[in-house]
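Protein chains in written order, with my numbering: chain X, 44 to 336; chain A, 1055 to 1315.
Source of the hints: derived by calculation from the structure; they are not laboratory data.
None of these values were measured; they are calculated from a predicted model.
We put the CB at the ideal spot given by N, CA and C, even for glycine.
One or more of the hints may lead you astray.
[Unchecked claim] Partial list, computed: chain A residues near chain X (C-beta under 8 Å):
#, residue
1, 1061
2, 1064
3, 1075
4, 1107
5, 1190
[Stated by the list, open to error] Computed, partial: chain X to chain A, Cβ under 10 Å:
#, residue
6, 79
7, 117
8, 161
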Amino acid sequence: MNERQGNLPFLLNCSRVGDVVKNRIFLMSPAIFIMLAFGVVPLFIMLYYSFLSDGPSPTFTLQNYANFFQKAFYLKLTWKTIQMSLIVTLISIVIAYPAAYIIAKVIQRGQNLLLLFIIIPFWTSQLVRAYSWMNLLQDGGILEMFLRKLHLIGDGSLGILFTQTAVIISLVHIFFPYMVLTIYMSLDKIQPSLLEASKSLGATPFETFRRIVLPLSKPGIVTGSILVFVPCLGVFAEPRILGGPNGSVIGTVIEDQFFEINGWSFGAAIAFILLVMVFLSIWITSRLIKRGD
Amino acid sequence: MFKRISSWLYILLIFLFLYTPIAVLVLMSFNESPYNSLPFTFSTKWYSEMAHNQRLIDSTLNSVYIASITAVISVVVATALMLGAAKASPKVKSWVDSVIILPLTVPWLILGLSLLLVLKTLGLDRNFVMLLIGHVVVSLPYAVMVLKARMDGMDHQIEEASYSLGANEWTTFIRITLPMLFPAIIAGAFLAFMISFDNFILSYFLIPIGSSTLPIEIYSSVKFGFTPEINAVSTLILTGTLLLLFVIVLLMRSSLKSMMK
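The following block holds chain A by itself, in its conformation from the complex:
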């Protein structure tokens, strides 16, 4: 009994630490003071200011586009990789693993500036293509990890059964492998989206002059005078993702149930 109570107490403390800054950020988005100072006066002023801040809206949209494209590319490439590696020899597998893990062991700062140097070598200006490539490089390992976990836990005999019943590779992939992988594909895409959406460092190095993404906008605003509009945007994004997450969980639940049948 004591063990359980102290366990929950500990979890509570962890969540207190984890969520206090987020609570502060949400609260401050409704605080009238432009300097986030107390006492608290309720106001939705920053939300209407945000709605009229074209620069902030543009950079948020940029982030959404970049993260969406990154998520799609990452998850498609990662799925192809996992299908390819599934039947590979252990030696090839471990080689592939170490190549994929590499971006996790290189600080993003270094990856970002080395890609910037690639542009310099090629005589190109900073551009969205290289920025996207950079985002894919850092998001791909996460998508691969999610898919790998799912592939390892999958019952491959079902695929073999499909082959032995005469289905070709394509049919087996569409009717067996893909549905089994589907939750991991969604989770991997979500993770890749999130890594890209919050990525400040790579974007900072590779963004074309004059454009920006939300994290860059936040950084410059923190550097040169913060406005609570940033709090308002962050609150909206948090709410939006929570809703999206909720929908995905609901969808996955029904897809899991249909798989059980």
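Isolated chain X (complex conformation):
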């Protein structure tokens, strides 16, 4: 409605319409070009490489994919990576939702300041933060000393570092602020009058939450989940730093193929499988949402 109104005086000036259309497309072209040429085309090049054999004279082959699907190791690793990313995403939703809700709906003043404090950690390197977790979580480290002072643990060591748990903790730490932001944005849009209407119609706070707040904040949860889940599928530095000898995930295997073993084609095949997984999971999520509506 607003937009149509806005367009009117603009269109009245017919002599300029042709120029304007040309200018507008001209203005959009750099961004579109960058994204297509360096975001989309390279993925097809990667797909092409995944069908080549490694070596001096590459030939067409399906061997890379056969290698992947024939070995239990890779399938297990794939499942492990998906599982880890799902856990990180779920934990992020669980801890980010109340925080976003409190900032958007409970606290009356200082929302912007709190949001600022949520994003300030972005300005320290993810890798340095992963390293800090190493300091915190290691046996005899700060967390263990602290917990012992509180008599929350006995004399045994913490035993978290160099396990999957350590990797998950650090990934949640890195990614859950994104979830807070996206959920906050969707909660912030909910009109207070809507909540009051629900209350005055006799709904309990829980009912109001389940039937109004939660459905309306779903877009935020979904966007946040994608922003957390997708990068988690591709991480390799944090598992290397915190995961110990059993820390391998798909990302570390791809890194090895490219930097240690020189198996570029196989690396490309694994990367393409990972990409398909990403798109599948986004597709499934969007289907689930549609069904929910």
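Model the placement of chain A on the given structure of chain X, informed by the hints.
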């Protein structure tokens, strides 16, 4: 009352989780032990070591240059895109949206190695141009998101008023649209800078052999023996960005006030 107290308690817990590793990192930058071990002995040794570590300084400067160029390119391209898309049909808009969102749905690892394969196909070595392009591809969506939010919330009737008062497109852009977009342009540039500055994965794949950026330096140092100099650099960067943020907030406040008048 109970609701408010428990709310603040929860926020406090969240911040405890969020800031403990950062506090540890800052503390350890002042700890004398090279292995970050306790007990804590105050020392500024790592700061002076850092000041003499040419490799660390070079890689930090590399990161700053790359992030600055990325931020400028991203925000200019994103602003052009948003201006172009403003009057586009809904169909074109949704098409543009999905193209822009794409890099957010592709793990950086995959983007990085596919760009590396592009270089291989072209017969080129890893270079800073491709590295910059990669950084722009991942930073641009964030700049676009910030600008889009601002554009959607903007009162476009002011622009129309400007047209109907006889201003041409250029004048309207300079005197109306740009000042209204300005906070979003700064925020978008800041965000793009940050995404690029902290980007490890793309740089790792595309950096020319022999060069490095700060995140790459940190990764290799964590892999092959960490030195607290990294803690010192990180502390400095954190302090620097906080100061910068503070200045920007102050500047924005005055620009917001002048807009109100």
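Is the shortest C-beta separation between residue 1075 (chain A) and chain X less than 8 Å? For residue 1075 (chain A), the interface hint holds, since the closest Cβ of chain X sits about 4 Å away, which is under 8 Å.
Report holds or violated for the interface hint on residue 1107 (chain A), using the least CB-CB distance to chain X and a cut-off of 8 Å. Since chain X brings no Cβ nearer than about 16 Å to residue 1107 (chain A), farther than 8 Å, the hint is violated.
Minimum Cβ distance from residue 161 (chain X) to chain A below 10 Å? holds (7 Å)
Quick one, is the residue 117 (chain X) hint okay against chain A at 10 Å, beta carbons? Violated, about 16 Å.
Interface hint status, residue 1061 (chain A) versus chain X (Cβ within 8 Å): It holds, given that the least Cβ distance between residue 1061 (chain A) and chain X is near 4 Å, below 8 Å.
Per-residue hint verdict: residue 1064 (chain A), partner chain X, C-beta under 8 Å: OK, holds: residue 1064 (chain A) within 8 Å of chain X, min 6 Å.
Proposed interface contact between residue 1190 (chain A) and chain X, which counts if any beta carbon pair is under 8 Å: holds (6 Å)
Against chain A, with CB atoms and a cut of 10 Å, does the hint on residue 79 (chain X) hold up? Status holds, d = 7 Å.
Hint compliance for this structure: hints 4 and 7 are broken, all remaining hints hold.
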